[in-house]
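Chemist: Residues per chain are reported as follows:
Protein chains: 2
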Amino acid sequence: MAGQYIYQFAQGDKTMKSLLGGKGANLAEMARIGLPVPPGFIITTEACNQYLSRGEGLWPELKAEILENLRLLEQQTGRSFGGREPLLMSVRSGAVISMPGMMDTILNLGLMPKTVKHLAQEMGERRFTLDCYRRFIQMFANVVLKVSHHLFENILTEARNRKKVRSDAELEQADLEQIVDGFLAVVRQETGAEFPNDPQEQLFLAVESVFKSWNTNRAVIYRQANRIPDNLGTAVNIQAMVFGNLGEDSGTGVAFTRNPSTGEPRLYGEYLVNAQGEDVVAGIRTPHPLIELKDDMPAIYKQFAEICMTLELHYREMQDIEFTIEKSKLYILQTRTGKRTTLAAIRIAVDMVKEGLISKTEALQRIEPNQLEQLLHWRIDPDAERIVIGRGLPASPGAASGKVVFDADKTQGMAQNGEKVLLVRPETTPDDIHGIIAAQGILTSRGGMTSHAAVVARGMGKPCVCGCEELKIDMTKGCFYVKDSLYPEGEVLSIDGSTGQIILGQAPLIEPHFTAEFHELLGWADEIRRLKVRANADNPEDARRAVEMGAQGIGLCRTEHMFMAAERVPVVQKMIIASTLEEREEALTKLLPMQQGDFKGIFKEMAGKPVTIRLLDPPLHEFLPNREELLLEVDRLRRERGDAEQLRNQEILLQKVQSLTEFNPMLGHRGCRLGLVYPEIYRMQIRAIFMAIFELLQEGMPADQLQPEIMIPLVGHREEMELMKQLVDTTAEEIFAEQEGQILYLVGTMIELPRACLVADQLAGAASFFSIGTNDLTQTTLGYSRDDSESKFLPFYLQKKILKVNPFAEIDREGVGRLIEIAIEKGRLANSSLKVGVCGEHGGDPASINFFHTVGLDYVSCSPYRLPIARLAAARATLSV
Amino acid sequence: MAGQYIYQFAQGDKTMKSLLGGKGANLAEMARIGLPVPPGFIITTEACNQYLSRGEGLWPELKAEILENLRLLEQQTGRSFGGREPLLMSVRSGAVISMPGMMDTILNLGLMPKTVKHLAQEMGERRFTLDCYRRFIQMFANVVLKVSHHLFENILTEARNRKKVRSDAELEQADLEQIVDGFLAVVRQETGAEFPNDPQEQLFLAVESVFKSWNTNRAVIYRQANRIPDNLGTAVNIQAMVFGNLGEDSGTGVAFTRNPSTGEPRLYGEYLVNAQGEDVVAGIRTPHPLIELKDDMPAIYKQFAEICMTLELHYREMQDIEFTIEKSKLYILQTRTGKRTTLAAIRIAVDMVKEGLISKTEALQRIEPNQLEQLLHWRIDPDAERIVIGRGLPASPGAASGKVVFDADKTQGMAQNGEKVLLVRPETTPDDIHGIIAAQGILTSRGGMTSHAAVVARGMGKPCVCGCEELKIDMTKGCFYVKDSLYPEGEVLSIDGSTGQIILGQAPLIEPHFTAEFHELLGWADEIRRLKVRANADNPEDARRAVEMGAQGIGLCRTEHMFMAAERVPVVQKMIIASTLEEREEALTKLLPMQQGDFKGIFKEMAGKPVTIRLLDPPLHEFLPNREELLLEVDRLRRERGDAEQLRNQEILLQKVQSLTEFNPMLGHRGCRLGLVYPEIYRMQIRAIFMAIFELLQEGMPADQLQPEIMIPLVGHREEMELMKQLVDTTAEEIFAEQEGQILYLVGTMIELPRACLVADQLAGAASFFSIGTNDLTQTTLGYSRDDSESKFLPFYLQKKILKVNPFAEIDREGVGRLIEIAIEKGRLANSSLKVGVCGEHGGDPASINFFHTVGLDYVSCSPYRLPIARLAAARATLSV
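Here the protein sequences line up with chains A and B, keeping their order.
Taking the numbering used here as reference, the numbering of the first sequence is continuous, increasing by one, and the terminal residue is 1181.
Taking the numbering used here as reference, the numbering of the second sequence is continuous, increasing by one, and the terminal residue is 1181.
What the hints contain is simulated information worked out from the structure, not anything from laboratory work.
Some hints here could point you the wrong way.
Since the list gives no way to pick one copy over another, a pair counts as held whenever it fits inside one copy or between any two copies.
[Unchecked claim] Mimicking EDC-like on lysine to aspartate or glutamate, the simulated pairs with C-alpha atoms at most 16 angstroms apart in a straight line are:
#	residue 1	residue 2
1	Lys314	Glu820
2	Lys1104	Glu1019
3	Lys874	Asp943
4	Lys710	Glu791
5	Lys703	Glu820
6	Lys772	Asp707
7	Lys660	Glu453
8	Lys772	Glu951
9	Lys639	Glu928
10	Lys772	Glu820
11	Lys363	Glu945
12	Lys314	Glu1125
13	Lys446	Glu564
14	Lys1101	Glu1019
15	Lys1101	Glu1022
16	Lys710	Asp475
17	Lys956	Glu770
18	Lys629	Glu548
19	Lys1100	Glu1019
20	Lys314	Asp1158
21	Lys414	Glu368
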């Protein structure tokens, strides 16, 4: 029970945050290094915890300690609490971790009729003193005595009406006398007692009130939401009041030691003469740029600028500083780390390294990798107003605006005429691919994060919002509904693919921004990271972008995306519908040169870097038209008894679509299961890879610049891996014989099934590398269909905290992560030279990257746009261990 | 190279199978115990392996050893090889593991012009001798000299045509002389050399030929298919010929020591006078029942019956014995374990225990659990001819016949008129339930082993073949196609739900058969097994059947099946379509008494035994109509502009169906994910369980007879388990307060997701039991959709041996099994009293049960029909360790 519960500012420092709270520790630190801080003291968080656990109010020892410190404060200020030259105080909460607005503050404590009189005399300003008094009564009554706010507001409103003025500032001294009486009467009526006139009693009540505010509902909920422990408690900061509104030689302001928007290393801020902090907030008067203080009060400005520099140097961090000037005397009320944009954060971190203020690793630790996101895509100006009319799944990041069009052909036509178009569809199919290419962005009412629209858009780096179930499209009437509102086709919408928002009208967009500092910071990240970083890229353009963004290879080239190009879809469909091997091989022969061309372009871009190419993975029906639309069409054709041949063709197509339809395509006939049943498809792809390489060799590219890695998807059994490896090897041998040459290549597998992890040792014999497909591994391990769960139960699970994070965004360490550990351990035991990477979307998630670093992966692979995030996260992972 | 390569019969015994082959060891054994076996010797499997690895023909030492044994044989028989009173021999292969028909046999070896003459003189029967000679030439030429069989057949056919006779037996001596000449000419022409006339050369060539036959293509393939090692080699049995066709005092026959159809303990067999074994096989003459031999040759019969008894006692197993009588002398040519029906196997095993011949555990080891299958269901008489017109998935075992009907109402109507009907549909929905109940069996063209039809049929123990893609139904024309044949509705078909066969017409059916011996044997199984055996049962009738079949509890009561009863479906659909909580609760209130009634009936049947009830598991759309049919109907209603209200209702229904439709329902919104989002549904079910119990208590049932175990499906996270446990507990407390009573109950979970296994320790805190759902765990661990894979790639995988067994039939030990081990280990570590069972269909599979025993499960649960299999398998598991 005994012990020190109170610290004078001089006794504390910035390291004592857990005892003194964030604000208190910084006040103490500033006092310690000699800055002009209004004197005061801090009641510790320990005292708060004691108070809460005892549940018996303030105990005598604590009260005595408060009073003792009060005496010291009186000595320091030369004023007396409740006496002549009355000492007024602020009583503020101060949690260890900032909980803005969650807990209580009381200003001007110490006022009562007698001190009001003395202070008015001292100041020669009774109106000012009365204004302080009525504010104090209202604040104290509300916070401590729980008297409802609106009772006081009623009285103020009445007074303004009576005087026919609009603001409280226009009320005169006499009005304020009346208001004070009215306020005191309200307190009497509501509490059945007089407003406490004893300053000591005021103080004790205020301290208790701050303690109790730790456990208010809103504070508890805030802590739950922000995962702040409940046992930290709050400190109480008690400080002498200073006033910036005592005339033209007084003022108040806020400053950042560097520009929080751009990071420019220059003092930035604003101030108001003859004003208190709340006036700045209220927005009645427009504050002046800080630089003008240089002219208004040159000495003060010089002193303040020096203090700012001192604080920044001291904290080795950009500071956000509040100050008040009371009758030409400068006081610093608060300093804290300044919030800033990502752009500014990067500039500041890089500048500070150059200024010798911080080390490179400190710079890296100051930028949260996910912060970079906002620099990497077009985005909607966060300061602009937006009319959000609906919301879907954030399927592909970035923002876009354009006229709504329901049809891919029309989209292409309008785009060719220079119009900006959003392609809006129930869902997309390969038939829409030219529309997707031409559109600014894609919006669908059905389908999840792995729907056709989402996958294709992400591959193209094009914004996409999908699965917006509130959106209903009426093609026949040429209009669409969002919730209950009707809009015509052609309406301009904006979509935000990072949040899923659908916005009415043309939203102002901000373009991606890569500064020199951005590149410099990432360079430092590259110096220290152990994880290599590759990109998921399916075509030469993506590959080029990936290299620009720092990719050290391609970790996942999805060959099926090459099948989705508009001119290829008919050939692909022919291949699928083929009823004989000959027909199929004929179609494959047509596809071969197309794939070969793709591979050639990619290998060229990736010279000297490994390229992992995954053989065909998705179920074949994904390349065919939508089953239900086809069903309705066949039904119509049958009824209308028109073109018999067209009917027959569509019937054959429908039959094929139906025979390929699966109840659970995610667990169906895909991956190497296709390669085993239709080896001719894989053989064509393997041939296309090697032929592309021979072409490049003939064009003079050195052999060591070509590093193909052929990846077999969805392997679960040793036999699958061995047979597929054999297929690659024999096909390679055939081509080598034809071409009279040799090429070095690796064969490996995706690890995306729980079984694959459990028998990784059996797979590692035939596989030279594992690429962990965390998307599918998450789906199977958790039994979540990503397409379904993200629009169905997952939001509910996240909202109810059944899941702490979305397992498709951040790796599920206990389940999926455990399987990954097993796979790595077993795989490396069987094959010590096994290369292990990850190519699911978790490869671009910082928290997941940290895990991948810890378990010893060799590389992560992510979309080109997320490479900077991955590079930074990989670097930070080496620092966090 | 040195060593003994040949054993005289007297030197071997039955334990030497690996050296002497199966046949040789038994011949030696019989000789050893003094039975009349034609004398001979055995060249060992070691000699064969030597021969094959040397690749240089017979080596001198081996030849010398053969000749030495030949001398002994001449002494034993008093005949000479190639001399007067010529010794003829049979040369037969004899593998360690029987490979019937796979390798070579040569009879009558030793014949050539000289010995033919001598033998004819000796026998006084030149025609008989010539017949032996031509057979020998043909056999030797074909087997040893690789002369094509048909060249000899041509000569025989020609001779028959010339003589205008139908069988070779009708050919006369002169014809045979001519035929022998013709045969020798063929050999000369085909091989360019004379047929070898030196008996020694014949013998050496024959022995080499038997050795080589180990590596013929067909033998290699047979070994692969039956997983017989390639390095065993074959022995060669060389034995003096005996002849049953030397007159009325000769004969041949086959006998079983007990009846192989019924197990009746009486000699059973047949014989022919004046005949060789091949005459019996050829079927030209009808053999006589063995009992008649008693009259024909009383002494021989007596001697033979005694030998049979000796052999059975000696081998302690029912024997299948071949014998020949040569001029009133009995020879035993072969004895082996007799094949028998399951019915006979059980009777024999039980009888032998009673006779003191074998122990109970031996009896159990003699019955393969899966053999019982044929006793447990109606089946198609295996001896009857069947015209198989198609094949689907064997979805629910048993056989049924009836008229094909496409419509559930019509099925019900016809069944009420006493007609036997097969319900044949593209797929079934809950709307068809009355048709399923009324039908003899179900046949569908779409859907897999977990389709609605399959699940419902298995639950009812009704035969079902589903996913028969060759079947096309044309409702409008009232006909159906199988492959390219058209059949009218009303055609009689039979289906075999155990094989998936679809058979034209009314197949003869055999009813299930439970004998006293069957129950006695299972009683012995119950004495020694450690694993408890429970049943999957969803209604009182199934529960009663389960108890009859020996269930020690219900391991899985699927509450959704209760939702599928015809009169409940509309209420269930109302519950699902409900747009407000109130509407939903109204429907649930109607369902409550129905479920309560079900539970009451089940608890009554299961008095004193635990009942595990799984709360609602499948996605809700499974209770709604088929989406595509609804789509077409709405399209039609819109076009026809008829009944506006009907259109509106169907539109609302379609909208709901669409909003509930999932891309991968197996991984979708089901299991406890439903219980968390719609707790009111689970609350109703929990209430129904407890209210049923209170009803029974009030009716006087003792409390300890009621052992409810409430099971939460599809749990993957600790939070899910804890919240669901909480829901059960709070609901229980509510009811206990209302009813002023207490009931003991357990709450546990299905373990059916890989994640659940990996975090089993976290779940075992709130769970009192785990029930491993191996069906879903297999789907997720392997990434196989059961509905899809069984009709798509799985047959291919099995055929190509990528998978050795169907993982949905036999547990995948390396993947799924490993996860189960992890779950048990982690679960028991966290909760030492944790009860762990299995309730997937693997719970009825003997190989899987063996695994479950090994890893220490407490119980398995399977369909009532498979309980006898499970009981026997669980007993055998204790013996196999």
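Chemist: Quick one: which hint numbers does this structure break? Sort them smallest to largest.
Modeler: Result: hints 1, 3, 5, 7, 9, 10, 11, 12, 13, 16, 20 and 21 break, sorted rising.
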